[in-house]
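Number of protein chains: 2
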Amino acid sequence: MSTAIPDLPLLATDDSMLSRKFGREVANYFSGSPLNRVSFLRADHAFLNAAFAHPSASFLLLDNYSPLAKDTTTLAYASKEDIVPLTGPEPFKPTEEEHIKSFNSAVTQPIVLFMGLDEKKTGFQYREYKGNPYFAVDVTPKGSIVEKAKSVIEAVKTKRGVSFIPGARLLTLNAPEAAIYAQARALLDWNARNPFCGGCGERTMSINAGTKRVCPPTDLAGVPEGAEPKKREDCPTRHGISNLSFPRTDPTVIMAIVSADGTKLLLGRGKRYPPGWYSTLAGFLEPGESIEEAVRRETWEESGVHVSRVVIHSSQPWPYPANLMIGAIGQAAPNGETINLGNDPELEDAKWYTFDEVREAMGASSVGFGEPVTEKRKLRIPPQTAIANRLMAAVLDGYLSATPKM
Amino acid sequence: MSTAIPDLPLLATDDSMLSRKFGREVANYFSGSPLNRVSFLRADHAFLNAAFAHPSASFLLLDNYSPLAKDTTTLAYASKEDIVPLTGPEPFKPTEEEHIKSFNSAVTQPIVLFMGLDEKKTGFQYREYKGNPYFAVDVTPKGSIVEKAKSVIEAVKTKRGVSFIPGARLLTLNAPEAAIYAQARALLDWNARNPFCGGCGERTMSINAGTKRVCPPTDLAGVPEGAEPKKREDCPTRHGISNLSFPRTDPTVIMAIVSADGTKLLLGRGKRYPPGWYSTLAGFLEPGESIEEAVRRETWEESGVHVSRVVIHSSQPWPYPANLMIGAIGQAAPNGETINLGNDPELEDAKWYTFDEVREAMGASSVGFGEPVTEKRKLRIPPQTAIANRLMAAVLDGYLSATPKM
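Quick mapping for you: the protein sequence lines, in order, are chains A and B. Heads up: the first sequence at position 75 corresponds to 75 in full-length UniProt numbering, and the numbers run straight through without jumps. Heads up: the second sequence at position 332 corresponds to 332 in full-length UniProt numbering, and the numbers run straight through without jumps.
Be careful, since some hints might not be right.
[Unchecked claim] With a straight-line cut-off of 30 Å between C-alpha atoms, the simulated DSS-like cross-links for lysine-lysine are: (1) A:271 <-> B:212; (2) B:271 <-> A:130; (3) B:130 <-> A:231; (4) A:80 <-> A:212; (5) B:130 <-> A:351; (6) B:130 <-> A:271; (7) B:351 <-> A:142; (8) A:130 <-> B:351; (9) A:101 <-> A:150; (10) A:230 <-> B:231; (11) B:130 <-> A:230; (12) B:142 <-> A:231; (13) A:212 <-> B:93.
By construction, these hints were calculated from the structure, which means they are not laboratory data.
Just chain A, same shape as in the assembly (with noise of 0.2 Å):
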């Protein structure tokens, strides 16, 4: 779930230097996606129009985030036919600019985002860029579109004999479409939280295939055919580069701390954590905080525990609803082991587990978020498509020993 993905084409031969000093890349669940993002692409309705009427698109279809699948291991993909009485035959036929005109803020926009092309599979081409298009479309019947929303997914579920499978912590699917899935729910889940404007409080409108939400200086609602649109008030979002139009990612780190000594690994226990579980450590960076401080900040006000250095290690992407775990390697101070829940009282416990009880945990079969526990065991951990698992993992590998590793 956790090693280097083989078929992703820029991955190098194990000779490159930096894999003599630092071991294969450790490619977490939920990235290693197959598709190019050619997000440059995204503001070109020719390409988009292009892409989406071609025999070979895929689109991946979201009701309230759960994806459409054969079963929770492999997604299914409707074809344009399917989804055509919702967006329309033609949605990225208008300009961008010629889409803002159009606006009106009484008209539930049906979001069809452009995921990227899989090179692997040859068919479309535009200009130099090949590969078979990606799209996801948010199918929850909402607003204006109710109905559209419900026959269009009536119509592909008996057509394909498929369903849509809760999406909720959905760590059963094959890793790419994982990949796949991760950045779908992100960008439909940012949309849909993001309906107004929070520079001034009037309604947005998605643009750049579901990439960018901008607040348009006119709207048609109440407006008569053929008349002109009516003006909004100045939006300081309209002015320069705003990071409100952009989709929103929170950073959070995620570290496994060892001991002074290097033989303990550091734990905790949430509160609606399944019996017996623990695991790393994990919080919100802040606002003028790197990614080393928040670790130091966020294991100290959990648990008391003073860490020196930390080590970053690799990185996850979470969607739920849009994190972006930032895995960590910390040691803690010789003399700020004590551990003490008292500062923020968000964890339950949190112990020090020798390096072979973790072991142990490790070897047994792991056990996911909602699966009920059927055997004792001393100590359970979260299972290997969580980041927190590799990072107990790499210590427990010697990832911490002076010997670099292959």
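Add chain B to chain A, keeping to what the hints say.
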């Protein structure tokens, strides 16, 4: 500027296991704050009230993001008396619940941000937490507080003989105060950019001493004194935890890309760089993407170069307005070094420079973003305060060599 900060108490001795393998942890400019944020006390009005009232409290004032400063290297602080005309004598006296009930969307709320305790300076104590309290206050004249803010600004300048230093790219402050400024700037900016709720379009209010914004369920605007506040429509951010309530930080990747043979560095030139300037490539991380993937995507999109392994080096808060710079070192794939600026035409130029050329630029005096160019040189690079410079230095220092440092 970017070495480990010597008085940071939690940095361990150099013989820790991590430092044996990885060398000293790199603390970049804008990190290394001397303040303990004690973030769990931000909702405790008794703590905030006591800290605000304590004679040891320092107040950093920002006028339109320009901080009160003695000169371009040293901040200046106001006292409680200086800012009471704007904030009132006890802004934290009400509980958070009372504060939310008193919400009036017609009244501009001056943001009083609690930043943390400087544990090196004793005087104030609350429970077991000791240290002088630091606040930041947004004194930008705006909304219903224009006149009060203007008189606070004039009074403090006259009384203290200090001024507000324009904060755009302020890279001359001493390192600990740069971190304090970064925290203040990022959070005041976030509050100022988000007066409205992205979920429902209504006005929001600041709570948790400037570190959280909520969409209150009621509003006193236009309500006669003593009458019940107006109820507002339901808002999705009031159900469970919403990331829209918390500060936004945008993860950004910045990368020193080394040629496959380990002898050259890839540097690019933005369209608005000063003459002769080149720097490492950089770009925003996208939802559903790992740091390592973002490094590969951005490098290919901007320069055409294909990157194989990526290792994360260190991080830097960058408060313009709210970026987290995540510094990485990557290696080009053996057959992927051809430069192509035609994908995303963001760069004016990109080039492979030999280590010697970069070393020469590194040795010469650095030139700041706005500084005039006074001598002819082949290559100019950003100063040591920029993580770009530190990434290049790490490569030149043999970060990629197989021999562990220290």
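Pair hint residue 130 of chain B and residue 230 of chain A, alpha-carbon separation not exceeding 30 Å: violated (57 Å)
Given hint residue 271 of chain A paired with residue 130 of chain B - CA-CA distance at most 30 Å: Cα-Cα ~29 Å, so holds.
Given pair status - residue 231 of chain B, residue 230 of chain A, alpha carbons within 30 Å: With Cα atoms ~29 Å apart, residue 230 of chain A and residue 231 of chain B stay inside 30 Å; holds.
30 Å limit on alpha-carbon distance, applied to hinted pair residue 271 of chain B and residue 130 of chain A: holds (29 Å)
Proposed proximity, residue 142 of chain A with residue 351 of chain B (alpha carbon, max 30 Å): Given that 30 Å is the threshold and the Cα spacing comes to 50 Å, the pair is violated.
Given pair status - residue 212 of chain A, residue 80 of chain A, alpha carbons within 30 Å: holds (23 Å)
Holds or violated: residue 271 of chain A to residue 212 of chain B, with C-alpha atoms at most 30 Å apart: Holds, at about 23 Å.
30 Å Cα cutoff - pair residue 130 of chain A, residue 351 of chain B: Between residue 130 of chain A and residue 351 of chain B the Cα gap is close to 26 Å, so the pair holds against 30 Å.
Residue 101 of chain A paired with residue 150 of chain A [C-alpha distance capped at 30 Å]: holds (28 Å)
30 Å limit on alpha-carbon distance, applied to hinted pair residue 142 of chain B and residue 231 of chain A: Holds, at about 24 Å.
Hint consistency between residue 212 of chain A and residue 93 of chain B [alpha-carbon to alpha-carbon, up to 30 Å]: The given pair, whose Cα atoms are some 41 Å apart, is violated under the 30 Å limit.
Pairwise hint evaluation, residue 231 of chain A against residue 130 of chain B, where the allowed Cα distance is 30 Å at most: violated (54 Å)
Checked against the numbered hints above, the structure breaks hints 3, 7, 11 and 13 and satisfies the rest.
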